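Visitor: Please build the complete structure, drawing on both the sequences and the hints.
Residues per chain are reported as follows:
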Amino acid sequence: MRGRLSPPIETRQMDEFWSHCLAHFERTLNTQQLNTWIRPLTAETATGLVTVAAPNGFVAQWVRDKFLPEIEQLAREYFPGATKVVLKIVGGRAARQAGAESPPEREIPQAPPPREAPPEREAAKPARPASEKKTPAKAEKAAIPDDSRINPLFSFDTFVAGKANDLARAAALQVADNPGSGYNPLFVYGGVGLGKTHLMHAIGNRMLQGNAKARLKYIHADRYVSDMVRAVRSNSYDDFKRRYDSLDLLMVDDIQFFAGKEGTQEQFFYTFNTLIEDHKQVIITSDTFPKDMEGIEERLKSRFSWGLTVMLEPPELEMRVAILLDKARLEKANLDEGTAFFIAKQVRSNVRELEGALKRVIAFARFNKLSISIELAKEALKDLLAVQNRQISIENIQKTVADYFKIKVADMYSKKRTRNLARPRQMAMYVARELTDLSYPEIGQAFGGRDHTTVLHACGKIEELKASDQNLRRDYNLLIQVLTG
Amino acid sequence: MNATRLTLRLMRQLILDLRPDSPPDFSNYLPGPNVEALAALRAHAPGCAREPLLYLWGEAGVGKSHLLRAWAGALGAVLPGAGAPLPEPPLPVLAVDDVDTLDADNQILLFGLINSAREQGGLLLASGTLPPAQLALRPDLATRLAQGLVFRLLPLSDADKAAALTIRAEGRGLRLPEEVTRYLLTHSRRDLPRLLATVDALDTFSLSRKRPASVPLLKELLQQRLPL
Chain A
1 MRGRLSPPIE TRQMDEFWSH CLAHFERTLN TQQLNTWIRP LTAETATGLV TVAAPNGFVA
61 QWVRDKFLPE IEQLAREYFP GATKVVLKIV GGRAARQAGA ESPPEREIPQ APPPREAPPE
121 REAAKPARPA SEKKTPAKAE KAAIPDDSRI NPLFSFDTFV AGKANDLARA AALQVADNPG
181 SGYNPLFVYG GVGLGKTHLM HAIGNRMLQG NAKARLKYIH ADRYVSDMVR AVRSNSYDDF
241 KRRYDSLDLL MVDDIQFFAG KEGTQEQFFY TFNTLIEDHK QVIITSDTFP KDMEGIEERL
301 KSRFSWGLTV MLEPPELEMR VAILLDKARL EKANLDEGTA FFIAKQVRSN VRELEGALKR
361 VIAFARFNKL SISIELAKEA LKDLLAVQNR QISIENIQKT VADYFKIKVA DMYSKKRTRN
421 LARPRQMAMY VARELTDLSY PEIGQAFGGR DHTTVLHACG KIEELKASDQ NLRRDYNLLI
481 QVLTG
Chain B
1001 MNATRLTLRL MRQLILDLRP DSPPDFSNYL PGPNVEALAA LRAHAPGCAR EPLLYLWGEA
1061 GVGKSHLLRA WAGALGAVLP GAGAPLPEPP LPVLAVDDVD TLDADNQILL FGLINSAREQ
1121 GGLLLASGTL PPAQLALRPD LATRLAQGLV FRLLPLSDAD KAAALTIRAE GRGLRLPEEV
1181 TRYLLTHSRR DLPRLLATVD ALDTFSLSRK RPASVPLLKE LLQQRLPL
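Those protein sequence lines, which keep their order, are chains A and B. Letter 391 of the first sequence, counting from 1, is numbered 391 in the numbering used here, and no numbers are missing. Letter 80 of the second sequence, counting from 1, is numbered 1080 in the numbering used here, and no numbers are missing.
Any given hint could be a false lead.
Output of the computed footprint for chain A on chain B, the stretches with three or more beta carbons under 8 Å from beta carbons of chain A [unchecked claim]:
#	stretch
1	1032-1042
2	1103-1117
3	1128-1139
Derived by calculation from the structure, the hints in this document are not laboratory data. In this text, all values refer to a predicted model and were calculated from it rather than measured experimentally. Even glycine gets a Cβ: it sits at the ideal position worked out from N, Cα and C.
Guide: In structure tokens:
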């Protein structure tokens, strides 16, 4: 599929079948999933056999678990005779290195080495002296350089996994185990309080477990800007640049803080290139998709998309319950599932607010020397709940409507216009208009930067359908009921 | 205004300025319905606190600034004045009043200070008129405030306000008869800062007139509208 000049007959057949598959997955998956898992695949067809090739073991495993049955079903429908689908891994080190030296401007991830193979870094490295063979936690603590700013509390063990973050978590693990060799940069984006920073630190901590001498740096983008300005003013810019250029892992949090700061962006551009060319890992987080960032140079935005871009979504109900139970256990508080469920239902937007609510409940129970129960949680959170009921955020509306129609929240911002996605999106815009004070342009902005006329059209359409379609009217009423408590 | 009256006013002002006000501390804060918040604040100290950030919110006059000053005084914490730039992180103990009014630069500084307190240890106390989710601040800062231990401070009942006025008067060495308190609560604005300021003014007025606090003296004070 990549740059072949004269495709053989099988390839043309494959193209037709594979185009059919792609069209299917374009309808059922969001852009990110499509770019991450489906577009990197190639397929070849012989009589009775479709061979699907994945660029690495990680993608292959994921495809086998999540998408292979669908591909098999599509093949059964597409070909007249019985057709077997086989999944294999292709692509080698040479291809990866060529890709790294001249990275294409696309969102398809660079291939990391197969998961099964030992990382080259580990294999090439001499055995660690006995003194270094400590327990991971101890080794980690001892190895953290003073200015790495890695928080040892943020590990993969304390990162609660769920549907909203499984892709990001899997990619982060892969990066931590194979830094610099595959998904580079790893770009993690999502709303506030969803665990972007936690994931970064978890990668750093895990990487240190594998290589205690690795030079790591976590820095918030705002701090990076001020450090750079200070370095320039004190004539120590060369030291500053050398420090960054010599890292094994650079993690820059909230890169949107670079917006409008051309000098910083230019410097960072060179550091970024140096690190990527040296196969050193770069991880970046942002509140938005790279291409949607405002005030960031195009050349940086396109480079951010060289590696893998993953999104953290707001946690679903089950995940929120799991987070609460986990945090309560850490706090040594006795929280039953029913109460956790109650709190999780009240606080939907992000993990930080969820944590805050739990802390309040635990503090209230301890102060009053009572056990935690739903009644106690209601009392402890009464001020919060009163506020929540008055305040409905557009993120909540998008999440609620997406949950209701069983689509991804990401589809609220995506450009896809198939009816199964467009109608819920229109409904969410209409509900946002009803329940918030936002203007049409502001609502459009919140839905992937759409024009205000799109929102106007959506509101008109739902208004019209409400009058004629009983089912849609019921959907609308239920959503309003859920959102307003 | 003749010269005698002006001199008298200046003398009164002088007396007002020289009065040793009892500084805000936990002992001269009447918790009323805020007992739990006060207990949490007292426990918000190195070695005791489980959570590095405590956020108090409530309408004007419920005692947020008093508690912030009391806490900062007890721990020797930095408490920047209104509009002043916040310090650069890290900082071991810091109180930030009225987060609602922080400008863009200070919001970023507070963001960094909260991160620093969580990562490197430190204690923060912040206050605002709204709960974190409703603050018109950067979302990454507002959610970080929401992650802390959040308490709403509620206004005192009239009975609690009367007790607070008595505590204030005693702190200044003024005996406040019950009927004066009752008159104050029924004839003037009942927000606590205004009531406390009136007690302070009454104390000064009582000294300058060499008369004990009474309802007639209070009436005279209120009629004269002396600067409070």
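Visitor: How about the stretch 1032-1042 of chain B: do at least three of its residues have a C-beta closer than 8 Å to a C-beta of chain A?
Guide: It holds: at least three residues are needed, and the stretch 1032-1042 of chain B offers 3 whose Cβ sits within less than 8 Å of chain A.
Visitor: Examine the stretch 1128-1139 of chain B for residues whose CB is less than 8 Å from any CB of chain A, and state whether their number is three or more.
Guide: Held - the stretch 1128-1139 of chain B has 5 residues with a Cβ nearer than 8 Å to chain A, which meets the minimum of three.
Visitor: For the stretch 1103-1117 of chain B, does the count of residues with a C-beta closer than 8 Å to a C-beta of chain A reach 3?
Guide: With 4 residues close enough to chain A, the hint holds.
Consistency with the previously given hints is maintained throughout, with no hint failing.
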